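Just so you know, the protein sequences line up as chains B and E, in that order. Per this note's numbering, residue 1 is the first one in the first sequence, and the count goes up by one each step. Per this note's numbering, residue 1 is the first one in the second sequence, and the count goes up by one each step.
Hints in this document: simulated from the structure, not taken from any laboratory. All values derive from a computational prediction rather than experimental measurement. We put the CB at the ideal spot given by N, CA and C, even for glycine. Check the hints yourself; a few may be wrong.
[Said to hold, decoys possible] Computed Cβ-Cβ distance ranges for the label pairs, DEER-style:
no. : chain 1 : residue 1 : chain 2 : residue 2 : range
1   : E       : L90       : B       : A32       : 24 to 30 Å
2   : B       : F23       : E       : M192      : 22 to 28 Å
3   : E       : E42       : B       : E148      : 27 to 33 Å
4   : E       : S170      : B       : S233      : 38 to 44 Å
5   : E       : E42       : B       : S233      : 36 to 42 Å
6   : E       : D65       : B       : F23       : 24 to 30 Å
7   : B       : E242      : E       : S170      : 35 to 41 Å
[To be verified] Computed from the model, here is a short list of chain B residues facing chain E with C-beta under 10 Å:
no. : residue
8   : D16
9   : R63
10  : R65
11  : T71
12  : R75
13  : L76
14  : E77
15  : R92
16  : S374
[Claimed, not checked] Partial pick of chain B residues on the chain E-facing surface, computed with a CB cut under 8 Å:
no. : residue
17  : L18
18  : R21
19  : S66
20  : F67
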Amino acid sequence: MALISGWGRFPVVDTDLLTPRSFAAVGDAIAATSGGIARGNGRAYGDAGIGVSQTLAMTAFDRVRSFDPATGRIRLEAGVLLSDLIETFGPRGFLPYVVPGTRFVSVGGAIAADVHGKNHHCEGGFGRYVDSILLRTGAGETIEASREANPDVFLASIGGMGLTGVILEATLRLRPVETGWIRERVISASDLHAAMRALDAGDSATYSVAWIDCVARGSDLGRSLIYLGEHASASELPDGAETFPRGQDPRLNVPIDLPSMTLNRYSVRAFNELYYRMGARRAGGSHLVSIFPYFFPLDGVGAWNRIYGRRGFLQHQCVIPHEGALGVLGDILDRVSRRGDASFLAVLKKLGQGDGLMSFPMPGYTLALDFPASGNIMNFLDEIDRLVVAAGGRLYLAKDARQSRSTFEAGYPALQRFKEIRASLDPMAKIRSKLSQRLFDEVQP
Amino acid sequence: MNSRKIALVLGGSSDIGRATARSFAKAGWDVQLAGRDAAALEPDAADLNARYGIGASTHRFDVLDTASFDGFVAGLPALPDVVISIVGLLGSQETAERDLDHATTIMRSNYEGPALILGLFAEKFLARGSGSIVGVSTVAGDRGRASNYVYGSAKAGFSAFLSGLRARASRSGVHVVTVKPGFVRTKMTEGMKLIGPLTVEAPVVGDAIFGAVERRTDVVYVSGKWRLVMFIIKALPEAVFKKLKF
Chain B
1 MALISGWGRF PVVDTDLLTP RSFAAVGDAI AATSGGIARG NGRAYGDAGI
51 GVSQTLAMTA FDRVRSFDPA TGRIRLEAGV LLSDLIETFG PRGFLPYVVP
101 GTRFVSVGGA IAADVHGKNH HCEGGFGRYV DSILLRTGAG ETIEASREAN
151 PDVFLASIGG MGLTGVILEA TLRLRPVETG WIRERVISAS DLHAAMRALD
201 AGDSATYSVA WIDCVARGSD LGRSLIYLGE HASASELPDG AETFPRGQDP
251 RLNVPIDLPS MTLNRYSVRA FNELYYRMGA RRAGGSHLVS IFPYFFPLDG
301 VGAWNRIYGR RGFLQHQCVI PHEGALGVLG DILDRVSRRG DASFLAVLKK
351 LGQGDGLMSF PMPGYTLALD FPASGNIMNF LDEIDRLVVA AGGRLYLAKD
401 ARQSRSTFEA GYPALQRFKE IRASLDPMAK IRSKLSQRLF DEVQP
Chain E
1 MNSRKIALVL GGSSDIGRAT ARSFAKAGWD VQLAGRDAAA LEPDAADLNA
51 RYGIGASTHR FDVLDTASFD GFVAGLPALP DVVISIVGLL GSQETAERDL
101 DHATTIMRSN YEGPALILGL FAEKFLARGS GSIVGVSTVA GDRGRASNYV
151 YGSAKAGFSA FLSGLRARAS RSGVHVVTVK PGFVRTKMTE GMKLIGPLTV
201 EAPVVGDAIF GAVERRTDVV YVSGKWRLVM FIIKALPEAV FKKLKF
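Isolated chain E, as found in the complex:
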């Protein structure tokens, strides 16, 4: 029986998920990678094992299949010390405005699924009296914008869920982290116009998440510049904000 700590990464095949898994493995943690296609995660598990000599396992997890969540948690080889949800779906705002199914998928992928699964782990962690829960939300959830409010509102709900969970767990040994990356160069943002100084690479997010767990930070803006940007955006009067097309 080894004594290494275990991190579970939900959304392990995403660029941020892979980078986060590396950040924990580099520090000597075992890693459980979970994603829709468990077989596709095998090369990443092998990579972590070859690089850092740690244990890495793969698990099937579908964020839209909420009925499977109890079985998923029960089926893990060990209850992790940290669970990190990187699951999310940007989707298309334009399509979501006309297509209820697409809008529903965005809302469920960014709010319902991540909140429910982290809530399940929260019960287990609270019963155990230890553990960290990390939810990757977004700065886009800080204020709804014309260009992505379906996605942003779901993330805002997720952020509120994490905030409440954190308050509830504050007197226990369980810690909750909300991560708000700004622009990250990933598969999801490929082809989008990103603002250079506000954009980071996925490994920076991975290291920020690991650091937040180690230091028990509550809310992490990966780039400090975003804290300022969002402070200004949140402070704009609605009459002004509604005229901004971004």
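Pulled out of the complex, with its shape left as it was, chain B reads as follows:
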């Protein structure tokens, strides 16, 4: 048994932790368990990567099976990390089409969570670039699923949180790129309305995201910096620049759990003020930035999840449909700023249509907030959830550790269909995570 948690370090759960090294060993483990789930690199924040009684660490499956440089199609084992893909194939002119805010996620995890990046509004999620997967089901079958073969299984697995079975391998399409640089343009927005308008105006940009100052109040509520980006061509690079910059190891590390009061309204307010002013000064023109700080700013700080202290933290990421989004997001931000509970990171971004049956994205705006797991935070987030549900939105399962069944059911209307597909693949309900147990497994007698 081992005590494990997600990236948010809440909750901490005791489970059997196995590291299978062959697909046969994965099958044996599933056959032997009453509730297991695959875990990639453990970057889901809450309880998605923790099995009810057994957790399968998939990191030993880190092989590339084949790669076609003519088409960018790649077949690989599910434990390969995006960081590995980027470092190996970036210099050869290929990157994943979609990357989340950290590169330290596995391909299997990226498929299971149908992760989105700064380009979701125009290019969709990770699942859109998956051609097929090899899946080991709870019933003990190994099946290849794609949009043509077993399409129901395929679409239920994109964003299915690993609950259709253990993803063993996948075939992806990679994006041809000339360089490892992004041409970035920063726009400052003085309030939420301006930020949303700037994101709307940035719809034609490949990448767009807004960083929100969550402690700004009153007329400054929702003031933001908007980052737009395009892949830079080779001709845009200055002479002598490396075509593909190296990904650096974390320059900073958080070696210990910081006292939970390190982040308070004063320290965050001071930081945000400085950050906003420096960003606003850069606003207007465009400049080149390496893909690493552009896509993965927090990967520069090792073990940054320790900054919230031993009790861990909760991330709340919702998506709100376009209609009425300004009012709802304004209400949420107002409550957050009045609460004074520092959110270290607040990100606003536009999403498009989701690609899988249970994918988080829907057309609208997504807002991501961090909170230390302390005080009356649960009640506060329940209130926020009521606003999300009333607006027809939902929460991102890869970030979730605490939403209620009713919030989940309201947000994911395909749940019934998903359960049917799962039941057909796994009649004995062997594939179960703490997340599925919390949100929708039939209650066990």
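The hints should help you fit chain E onto chain B, whose structure is shown.
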């Protein structure tokens, strides 16, 4: 005929072996992977080829089957530029204390086999006048400890063999590297209690081995901290050391 250099990895299916093969392939070397089950090495060879576009072949090699060594060397498609032995067996100290067969297997896997095969390559390399020979030994060979002295003594023998070979080859173009990883998170150490700050991941060892070949380093402690730790452990008077239960 391509001009890429070739690295032969003995023990290619181990975590350190796979990582070492990647480190060389990443730098544009062709790789020969050798292990007891050649078929099991195929996915790793395919991985190296897909990642780096280099040539990777697989070969059957059993470190206990010393009679097969001549044939193994002769059967390689090309004499490699570098041979790296990662072969080893931790075994069970407790079993080895009672079971001579188990003790023999540990000794042969960690000393006899690796020393003999590297010795064979040394003759070929010396005749050619070039090549690097890398033996992965262990810090546990620096001083015999109660908890693993059967393994440690075999590795100590291997370290001494490498040291002597290095001295003999010093005026030739052949170079010998002794690698002493401390704790490495691998299949072999799964479930063991490792001391975090003294523990490294397999890719760090792979890169260290590649770096040692490039820089022609003699002895590599993968984590510099181990050099200090082992200096202290070696310096302890025997009367004190023998009372330590580790």
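Do the hints match the structure? See the list:
With their beta carbons about 26 Å apart, L90(E) and A32(B) fall inside the hinted range of 24 to 30 Å. Hint check: F23(B) to M192(E), Cβ distance near 26 Å, so the stated range 22 to 28 Å holds. At about 28 Å, the beta-carbon gap between E42(E) and E148(B) stays in the expected band of 27 to 33 Å. The supplied range of 38 to 44 Å is broken by S170(E) and S233(B), whose beta-carbon atoms lie about 52 Å from each other.
Our hint of 36 to 42 Å for E42(E) and S233(B) holds, since their Cβ atoms are close to 39 Å apart. A C-beta distance of roughly 29 Å is found between D65(E) and F23(B), which places it inside the suggested range of 24 to 30 Å. A C-beta distance of roughly 38 Å is found between E242(B) and S170(E), which places it inside the suggested range of 35 to 41 Å. Hint on D16(B) is violated. Least Cβ distance to chain E is approximately 13 Å, over the 10 Å limit.
Given hint, R63(B) at the interface with chain E, holds; its Cβ is 4 Å from that chain's nearest Cβ, closer than 10 Å. About 6 Å separates the beta-carbon of R65(B) from the nearest beta-carbon of chain E, less than 10 Å, and the hint is met. For T71(B), the suggested interface contact is broken, since its CB lies about 13 Å from the closest CB of chain E, more than 10 Å. The interface hint given for R75(B) is met, as the beta carbon of that residue sits about 8 Å from the closest beta carbon of chain E, less than 10 Å.
Look at L76(B): its Cβ gets to within about 8 Å of chain E, closer than 10 Å, so that hint holds up. For E77(B), the suggested interface contact is upheld, since its CB lies about 8 Å from the closest CB of chain E, less than 10 Å. Satisfaction of the interface hint for R92(B) is found here, the shortest Cβ-Cβ separation to chain E being roughly 8 Å, below the 10 Å cut-off. A least Cβ separation of about 27 Å between S374(B) and chain E goes past the 10 Å threshold, and the interface hint is therefore violated.
With a least beta-carbon distance of about 10 Å to chain E, the hint placing L18(B) at the interface is violated under the 8 Å criterion. With 8 Å as the threshold, the beta carbon of R21(B) comes within range of chain E, its nearest partner Cβ sitting at about 7 Å, so the hint holds. The interface hint given for S66(B) is met, as the beta carbon of that residue sits about 5 Å from the closest beta carbon of chain E, less than 8 Å. Annotation: F67(B) was flagged as interfacial toward chain E, and the flag holds, the nearest CB pair being 4 Å apart, inside 8 Å.
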